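Asker: Construct the complete structure from the given sequences, taking the supplied hints into account.
Residue numbering for the sequence shown follows the numbering used here, beginning at 89 and increasing consecutively.
In case anyone wonders, no lab produced these hints; they're calculated from the structure.
Only a predicted model underlies this, so the values are computations on that prediction, with no experimental measurement involved.
Among the clues, some could well be false.
As the list claims (entries may be wrong) - Here are the simulated lysine-lysine pairs, DSSO-like style, with alpha carbons at most 27 Å apart: (1) Lys123 - Lys285; (2) Lys214 - Lys244; (3) Lys196 - Lys214; (4) Lys214 - Lys129; (5) Lys285 - Lys224; (6) Lys224 - Lys138; (7) Lys268 - Lys143; (8) Lys244 - Lys143.
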Amino acid sequence: MIKRLQKLIAFSLILIISLISFIGCSSSKPGSRLKEIKPVKVQVEGVEFKVGESKVSDLIKGGLLVATDGTLKNGIDGLKIDKMTYYLAYVHKDGYSLGNISFVNNTKDSLEYKDCIISEYTMKFKNDTPQGIQHKYDKILVDGINFNGMGIDAVKEVMSKKTKEVSDFKEPDGSIAILKYTVDNVEISISFDARTKLVSQVVVQVYNTYFES
Numbered sequence: 089m090i091k092r093l094q095k096l097i098a099f100s101l102i103l104i105i106s107l108i109s110f111i112g113c114s115s116s117k118p119g120s121r122l123k124e125i126k127p128v129k130v131q132v133e134g135v136e137f138k139v140g141e142s143k144v145s146d147l148i149k150g151g152l153l154v155a156t157d158g159t160l161k162n163g164i165d166g167l168k169i170d171k172m173t174y175y176l177a178y179v180h181k182d183g184y185s186l187g188n189i190s191f192v193n194n195t196k197d198s199l200e201y202k203d204c205i206i207s208e209y210t211m212k213f214k215n216d217t218p219q220g221i222q223h224k225y226d227k228i229l230v231d232g233i234n235f236n237g238m239g240i241d242a243v244k245e246v247m248s249k250k251t252k253e254v255s256d257f258k259e260p261d262g263s264i265a266i267l268k269y270t271v272d273n274v275e276i277s278i279s280f281d282a283r284t285k286l287v288s289q290v291v292v293q294v295y296n297t298y299f300e301s
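Answerer: Here's what the structure looks like:
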């Protein structure tokens, strides 16, 4: 009788704990994990925004343009994105490409592109944009750093002041191809040209899991 009562109590406790966990999960809001990160500031042509916090509309309000394709001809006015999805777009001004952004709709309703949160910013110093469109990255700061023309040692020096969390990927000759840093749960990935050993690409990314409930 006592053993049976103990089993009943144990089962009841498990049921109560499971119920509390379910209620806690169901009441969480989309993007509740965002409090685990510290958004990284990016400044593009004097316009400042934060990856992981700012909305696409913040770029537009600052005077930058956002396009849906690399030709920079198609804007985002009136376009909507489905719930809990993300999309890629191109930032530009005066005919110059200023990098790419990914943005996410972390709500349970469809949203206009401009109302979505910027989850990633990418700039490639190699000019590989279509139709001969030129990029312009000389006035772009990532967390206060201008990576334009930087070599491997210079990057290591400035980033060592921000974080100790770093991993590297190497070329076949043993030289560093990519340095990946984690700063307050935001990834800053820096690639280097195999020939010049200068920065060729910078990616600031908040993983989509942080936007989930």
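Asker: Taking the hints in turn, state whether each one holds.
Answerer: A quick look at each hint next to the structure:
no., hint, result
1, Lys123 - Lys285, "violated (36 Å)"
2, Lys214 - Lys244, "holds (21 Å)"
3, Lys196 - Lys214, "violated (38 Å)"
4, Lys214 - Lys129, "holds (23 Å)"
5, Lys285 - Lys224, "holds (20 Å)"
6, Lys224 - Lys138, "holds (20 Å)"
7, Lys268 - Lys143, "holds (25 Å)"
8, Lys244 - Lys143, "violated (30 Å)"
Consistency note: the structure conflicts with the earlier hints numbered 1, 3, 8.
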